[in-house]
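Visitor: From first to last, the protein sequence lines are chains A and B.
Each residue of the first sequence is one higher than the last, beginning at 1110 in the working numbering.
Each residue of the second sequence is one higher than the last, beginning at 11 in the working numbering.
These are calculated hints, taken from the structure and not from any lab test.
Among the hints, erroneous ones may be present.
[To be verified] DSBU-like, lysine-lysine: derived pairs with alpha carbons at most 30 Å apart: (1) A/Lys1425 to B/Lys34; (2) A/Lys1158 to B/Lys45; (3) B/Lys45 to B/Lys164; (4) B/Lys86 to A/Lys1366; (5) A/Lys1163 to A/Lys1330; (6) B/Lys34 to A/Lys1158.
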Amino acid sequence: MPEIKNYTMNFGPQHPAAHGVLRLVLELDGEVIQRADPHIGLLHRATEKLAEHKTFLQSVPYMDRLDYVSMLCNEHAYVQAIEKLAGIDVPVRAQYIRVMFDEITRILNHLMWLGAHGLDIGAMTVFLYCFREREDLMDAYEAVSGARMHAAYYRPGGVYRDMPDTMPQYEASKIHNAAAVKKMNENRQGSLLDFLEDFTRRFPTCVDEYETLLTDNRIWKQRTVDIGIVTPERAVALGMTGPMLRGSGVEWDLRKKRPYAAYDQLDFDIPVGKNGDSYDRYLVRVEEMRQSNRIVKQCITWLRANPGAVMTTNHKFAPPARESMKQNMEELIHHFKLFTEGMHVPAGEAYAAVEHPKGELGIYLVSDGANKPYRLKIRAPGFPHLAALDEMVRGHMIADVVTIIGTQDIVFGEIDR
Amino acid sequence: MTIAKKTLLEELRNQLPEHLVAVKQELGETTIVIKAEGMIPVLTLLRDADGLNFSQMSDLCGMDYSEYGDGEWQGKRFAVVYHLLSLVHNQRLRVRIFAEDDDFPVVVSVASVWPSANWYEREAFDLYGIIFTGHPDLRRILTDYGFVGNPFRKDFPLSGHVEMRYDPEQQRVVYQPVTVEPREVTPRIIREANYASK
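Use the sequences and the hints to build the structure in full.
Guide: Structural data, given as C-alpha cells:
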C-alpha cells in the first residue's frame, strides 16, 4: 500500500472567487478539506495608523475605502463615534438622510453580494440583473455627493448638504438618440426623492425576479443548502454579526436592539434563518433588501414633510455657511481654524457601532484632546467571519469553499483595513 | 430584557469585588480595568455568570499609550482593550488590561474563552508586539511575510523603515531604506482646556 498524504493547495490571491486578495492554503484529503488557513493582509493599508496622523475630518474619506461596497455605513460609524465623544447634536433631518442612505447602501451591498455570489456558483444572469438596479442607486449617491462610490457625504454633525432638487439628465450621443434619451430621463424629471420613490416602487418586483431565478432553483439549492452550517451558539462565540448571525436564527440587529440615528422611528422587520446554512443566509439577505426598501420609502415620506437644517450649528465641528463666513469675523475664524487645524475632540474614548450590511461595524475612538485621533480601531464585521472560515469549511468539498466565501460576504477593504 | 446601567455596575461589583482596579462610566459606556494576573477566571466569569453573560467578544485591540496627551501618561505603556457584548442583557462592556512589562508586553490569551479572540490577538501581536501566552497559533496576520517591527507602535514612523522596488541589475525585488522624507501637513496640537471659549 502506498502511503497517502494530505495534499496542500494554494487558493488565490488571484482567484476570481476569492473576492479580492484572499490567499487560502487548503489541506486536502482527496477533495475533502481538512484545514483551511486564510492568509490576509494583502490589502493592508494601515488605515488606523493613517487616521492617527490626520485630522478628524480628513479621515472621513478613508472610511469609504474600508468596505468599498457599503461606503456610507462605514462613515456613519465613524461620525457617530466623533459625535458621541464631542456630544454633538445632529439635526433630525440629517439623521433621516443618514438612515435613508444607510439603507440604500445596504441594498447596494446585498445586490453586489447576490450578483457575485451567484456568479461564483454558476448563476450568470442574476449578476447582470443586480447591476442594473445598482446603477440607479449609484446615481443617487452621485446626485447627493458628486461621487458614485466614495461619497464622503456624512460629516461630524450632520451631512455635507441637503439633497438636490434636480437629477442630472442623460444627453443624446452616438449610442443613444434623442428618443432613447427621453425615455431614460423619464424618472429623472423631479428631485432626488422623486427618483428614489420611483426606484422603491420598482424594486420589489426586481427582487421577485432574482428570487424567481434562485430561490427554487434546483442547482442553487444543491450548492447552498446544508453548506457551511453554523449553530447559534457557535455563531455568537465566533463573534459573528449581521446576516451571518441572523442566518443561524439569532435575532440580533443593532438597528432594533440598540437603535441609533432615526431607526427607532421606523417600521421594519428582522428576518432570521432557521438552519444556519448558506441558503438561509441567502434568504435573510434577500428579505433584508425588501425591508430596506420599506425603510427608504418611510424616509422619503418623512423627508418630504420635514424640511430643515442638515448640519449642526456648532461651528467648532461643522463649518459655518459660506455667506456668513464672508460677512462675519468670528465665522471666518471658525472656518479657518476648522480647515487648518481641524476640530478638537474632547479627551476620552467611545465605541460606536452600526448595523453594517455585513454585520456590526464598530469604531473605537480614543482621543487625548488633540486635533487628531489618538487611536482609531475599526471593528470590521468580516474579520471574525473570515476567522471562522476554517471551522466552516472543514469536511466540505473544494467547490463548497467558494460557496462559503461567498456566503460570508467577504470584502478585503474592511478585513485588511 | 435590558438591565439598567446601574445594575450592571452593581453586578460587576458583586461578582468580582477584588478584581476591579478601576471602573468608569462615561458617555453611556462602562469601562473596567482588571489586572493581567489571574485575568482568565475573571473573563470566564464575565462570560458565564448570570446577570453578566457577555457571550460575545466583539473586538479586541492593542493600545500604545506612550504618547498619550503629549507624554503626560504615567501608567503602563501597552494595554489590550476588549469590547464585550451580552446578547441576553443587551449590554456592552469595555475591559482594559495593562501589560506589566513595557519592554516585553505579555498578556494571557483569551482564545480559550472566546474563540473569536484568535485572529484579534494575532493582529495585536502583529501590530503592537504584544505576546499572548497560550495562544494556539500566534503568527503575524496583516503585515507582509518577513516583516520586521510592530508598525502601530507610536515610535514606528508612518512611512516605515524599508521600501521595496524592482532592481533591474539584480533582476529581482529588493528592500532598501525608505527614501521619502517624513512630513506632517497638520501638526498635532492639544489645546488648553478653555481655549477659544467665551
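Visitor: Hint by hint, say whether it matches the structure.
Guide: Status of the hints after comparison with the structure:
1. A/Lys1425 to B/Lys34: 27 Å, holds
2. A/Lys1158 to B/Lys45: 27 Å, holds
3. B/Lys45 to B/Lys164: 24 Å, holds
4. B/Lys86 to A/Lys1366: Not OK: B/Lys86 and A/Lys1366 at ~36 Å, beyond 30 Å, violated.
5. A/Lys1163 to A/Lys1330: The given pair, whose Cα atoms are some 48 Å apart, is violated under the 30 Å limit.
6. B/Lys34 to A/Lys1158: The hint holds at about 27 Å.
When held up to the earlier numbered hints, the structure conflicts with 4 and 5 and fits the remainder.
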